[in-house]
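*Asks:* If you want the building blocks of each chain, they are given just below.
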Amino acid sequence: MQMAAVSEQKSGFKAGIKAGISIAVGYLPVALTFGLLAKTTGLTLFESVLMSLLVFAGAAQYISLSLIAAGAGAAVIIFNTFIVNIRHFLMSASLNEKMEPETRAKKSIYAFGLTDETFTVIATREGKTSTGFALGVMLIAYGSWVVNTGIGHVIGASLPEFLQQAMSIALYAMFVGLLVPSLKKEMKVVYLAGLAAVLNSVFTMTGLLDTGWAIAASTLISAMSVEVMTGLRKGAEIR
Amino acid sequence: MNMVLIIIGMAIVTYIPRVLPLTVLEGKELPPFFQGVLKNIPYAVLGALIFPGILFIQPDDIWFGIAGAAAAFVLAFLGADVMVVVLGSIMFLSVYMLIGG
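Protein sequence lines correspond, in order, to chains A and B. When the first sequence is numbered by this note's numbering, its final residue is 239 and no position is left out of the sequence of numbers. When the second sequence is numbered by this note's numbering, its final residue is 101 and no position is left out of the sequence of numbers.
Keep in mind the hints are simulated off the structure, nothing from the lab. Please note: incorrect hints may appear among the correct ones.
Said to hold, decoys possible - Result set (BS3-like, lysine-lysine): computed pairs, CA atoms no more than 30 angstroms apart in a straight line:
1. B:Lys39 - A:Lys14
2. B:Lys39 - A:Lys184
3. A:Lys106 - B:Lys28
4. B:Lys39 - A:Lys185
Modelling step: build the complete structure from the supplied sequences, incorporating the hints.
*Replies:* Written out as structure tokens, the structure reads:
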């Protein structure tokens with residue numbers, strides 16, 4: 001029994017690494033560019049890699065560079081980082097429903113690896129997800145993020161222009177690849193994704209909300225209203 | 001040194017929303033409605049993460065985003081693995097750039 005549990009955990013980790021490769025590919029151009037921009041903003045190699053090592057949040061790191069370049073103070077930079085990452089509250093709560101029971105200590109370790117990308121890969125799997133799988137996904141994504149930040153800073157140049165531009169589709173393509181199989185299976189997913197997409201487009205394109213808030217608000221409104229609708233329909237069926 | 005302190009501050013405020021729900025809610029049974037909402041979140045967030053961002057990956061050329069989105073959706077709809085969707089979309093846009101751009 002003990003043996004079986006161990007090997008299952010192992011395959012969970014390996015499967016996680018495999019599922020995380022598409023994130024690693026998607027992070028490559030983004031992290032290279034971050035390293036390059038950090039250098040031009042005046043951050044040392046140590047500072048740039050340290051930020052990727054400790055923060056591990058793409059959008060927030062990019063925004064911090066533009067704030068640093070604009071001469072913003074520490075409090076403003078840190079506050080903006082918090083605002084941009086507030087959407088992770090929702091993902092962390094959602095992940096808690098998805099993950100197998102685990103000690104708080106282990107959960108607080110893998111919580112660090114929660115990004116938009118690792119969350120969507122882990123949360124769109126069937127059934128409960130093992131801690132090993134989550135760690136695998138996060139480790140390879142994190143490795144790509146940190147290493148490529150360093151490479152971007154050292155080489156001081158990104159990929160060839162055409163490849164850089166073509167690779168900007170990578171993370172979006174991954175989101176599409178994760179979403180479409182579920183879209184085909186369940187009408188509910190069509191409503192969830194469709195409503196959130198429309199709301200987010202309205203919020204961002206009218207300038208009503210900043211990106212971080214817009215994603216959080218449209219996700220929450222969509223998830224709640226579709227749940228209310230489902231509840232109403234079930235109630236009607238019972239009657 | 002100041003930079004290092006800013007980075008540490010950023011790290012702390014980024015970690016808080018990641019860790020709080022996962023550890024505070026552990027072992028707690030939420031009301032069914034909230035469980036349902038939380039289970040809906042992955043699919044809602046995917047919709048918000050894809051749109052409208054995918055259309056503006058090249059801010060000056062919306063057709064680039066539309067072409068990339070079309071390639072990704074077609075590949076995914078045909079049942080391609082996530083990795084194939086990613087690499088296929090990159091290849092499609094590389095060709096698009098080399099021929100059209």
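*Asks:* Are the hints correct? Go through all of them and say.
*Replies:* Hints and how they fare:
| no. | hint | result |
| --- | --- | --- |
| 1 | B:Lys39 - A:Lys14 | holds, 25 angstroms |
| 2 | B:Lys39 - A:Lys184 | holds, 18 angstroms |
| 3 | A:Lys106 - B:Lys28 | holds, 17 angstroms |
| 4 | B:Lys39 - A:Lys185 | holds, 16 angstroms |
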